[in-house]
Amino acid sequence: MEKRLFSIASTVVLLFSIVLFFTQCNASSDNKTASVDETEAVDTIMPAPITEEPAPEIEEPAPIAEQAAPQTEKITQPAAVTTKKEPQKGGTVKPPSAPVESKPTPVEAPVKTEPVHVVTPPPAPAKVDKPAPPAETAPIQQTTNFTFKANKALIEGTSTLHAWESKITKAEGKGKFQLTGNELTALKDVEIKMAVTGIKSKEGKKMDDKTYETFNSDKNPNIVYSFSSAQVKIDNAKNVTIETSGNLSMAGTTKAVSISARGKELANGDLQLSVSKKIKMTDFKMEPPVMMLGTIKVGDEVTVVFDFVLAKNN
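In my numbering, the protein residues as written are 1 to 314.
Treat the hints with care, since some could be wrong.
[Said to hold, decoys possible] In silico BS3-like links for lysine-lysine, alpha-carbon gap of 30 Å or less:
| id | residue 1 | residue 2 |
| --- | --- | --- |
| 1 | 205 | 280 |
| 2 | 202 | 188 |
| 3 | 255 | 210 |
| 4 | 255 | 219 |
| 5 | 149 | 297 |
| 6 | 206 | 280 |
| 7 | 264 | 233 |
| 8 | 297 | 255 |
| 9 | 238 | 149 |
| 10 | 193 | 127 |
| 11 | 206 | 176 |
| 12 | 130 | 170 |
| 13 | 152 | 238 |
| 14 | 188 | 219 |
| 15 | 297 | 188 |
| 16 | 278 | 264 |
| 17 | 219 | 285 |
| 18 | 285 | 200 |
| 19 | 167 | 206 |
| 20 | 238 | 188 |
| 21 | 219 | 174 |
Hints in this document: simulated from the structure, not taken from any laboratory.
Could you build all of it, start to finish, from the sequences and the hints given here?
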């Protein structure tokens with residue numbers, strides 16, 4: 001009988017142990033689920049420290065009376081632990097590690113860049129070598145001979161008695177026109193010659209003889225003016241200006257003299273010119289004439305007047 005009771009008691013204890021084991025497993029699973037739920041709900045709440053508590057006591061079953069039906073004592077289940085873990089045997093219960101806060105990885109805002117407009121310059125035009133301009137050719141210069149033709153030639157003077165005038169009846173000259181292209185630009189190698197014996201006065205032979213004597217015509221028969229070159233200026237109205245610088249020879253004396261000529265260019269290319277030049281006889285070592293026993297004296301200064309044409313030779 002005792003053996004039977006002992007067998008029944010052993011069976012009851014075994015069943016109780018099995019039930020207790022599964023109860024604890026379920027409680028532990030519930031605790032883990034609750035802990036996970038609380039962790040998800042609360043991100044930064046740290047769990048309270050868990051103190052060591054004794055395991056709940058299990059009431060010993062009352063001895064079974066003989067021949068009584070086996071009864072199972074009511075087992076009081078331990079309260080569900082929400083945030084506390086059952087202490088392990090021989091140690092302390094460590095609080096669950098705080099959940100690692102998952103911080104979002106910062107995403108850098110995209111840098112806003114202004115669009116770059118690349119301006120592509122137009123292609124440079126191909127370099128085309130321009131043909132070299134034709135070499136400038138100097139205008140052709142040529143010369144043509146001309147002849148001096150006097151229309152009027154006079155010597156005008158004064159005296160203690162009255163003014164006087166003598167004509168130059170013998171005058172000749174030659175030279176060259178220098179043309180650049182078709183334009184007359186200069187006179188070259190000009191010589192104008194007047195015969196002293198060709199000077200004639202209205203006063204008659206006595207006056208003329210005194211003139212020849214003054215010029216020493218026997219030794220110096222000619223009055224000569226010459227120059228090597230003179231520029232010719234012609235404007236749009238065909239007005240001509242010539243400035244000459246040459247040598248004047250008379251009565252055996254030669255002096256540098258400048259003479260200006262003014263006139264027109266004729267349609268045929270000839271030049272019609274006029275000259276008026278004052279000369280002192282004493283500059284050429286000439287004594288002014290004296291007549292009538294010294295009662296009439298000729299003035300020292302005389303004026304030479306020419307109207308003439310420089311005509312091209314055909």
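Outcome of the hint check:
Of the supplied pair hints, the one linking residue 205 and residue 280 holds, its CA atoms being roughly 23 Å apart against a limit of 30 Å. With a C-alpha separation of about 36 Å, the suggested pairing of residue 202 with residue 188 is violated against the 30 Å cut-off. As the CA atoms of residue 255 and residue 210 are separated by approximately 23 Å, the hinted pair is consistent with the 30 Å bound. Between residue 255 and residue 219, the direct Cα distance comes to roughly 18 Å. Compliance with the 30 Å bound is thereby established for this hinted pair.
Of the supplied pair hints, the one linking residue 149 and residue 297 is violated, its CA atoms being roughly 33 Å apart against a limit of 30 Å. Distance check on the hinted pair: residue 206 and residue 280 sit about 22 Å apart at the alpha-carbon level, within 30 Å; holds. For the hint linking residue 264 to residue 233, the alpha-carbon distance of about 10 Å falls within 30 Å, and the restraint holds. Of the pairs offered as hints, the one joining residue 297 and residue 255 holds, with about 25 Å between alpha carbons and a cut-off of 30 Å not exceeded.
Between residue 238 and residue 149 the CA atoms are separated by roughly 20 Å; this keeps the pair inside 30 Å, and the hint holds. Between residue 193 and residue 127 the CA atoms are separated by roughly 66 Å; this puts the pair beyond 30 Å, and the hint is violated. Under the criterion of a C-alpha separation no larger than 30 Å, the hint pairing residue 206 with residue 176 is inconsistent with the structure, at around 39 Å. Restraint check: the Cα-Cα separation between residue 130 and residue 170 comes to about 64 Å, which exceeds 30 Å; the hinted pair is violated.
Of the pairs offered as hints, the one joining residue 152 and residue 238 holds, with about 22 Å between alpha carbons and a cut-off of 30 Å not exceeded. With a C-alpha separation of about 29 Å, the suggested pairing of residue 188 with residue 219 holds against the 30 Å cut-off. This hinted pair does not check out: residue 297 and residue 188 have alpha carbons roughly 40 Å apart, beyond 30 Å. For the hint linking residue 278 to residue 264, the alpha-carbon distance of about 23 Å falls within 30 Å, and the restraint holds.
With a C-alpha separation of about 14 Å, the suggested pair residue 219 and residue 285 falls inside the 30 Å cut-off, and the hint holds. Between the alpha carbons of residue 285 and residue 200 the distance comes to roughly 22 Å, so the proposed pair stays at or under 30 Å and holds. For a cut-off of 30 Å, the pair hint linking residue 167 to residue 206 stands: about 15 Å separates their Cα positions. For the given pair, residue 238 sits about 20 Å from residue 188 by alpha-carbon distance, which is consistent with the 30 Å threshold.
Of the supplied pair hints, the one linking residue 219 and residue 174 holds, its CA atoms being roughly 23 Å apart against a limit of 30 Å.
Of the numbered hints given earlier, the model fails hints 2, 5, 10, 11, 12, 15; all others are met.
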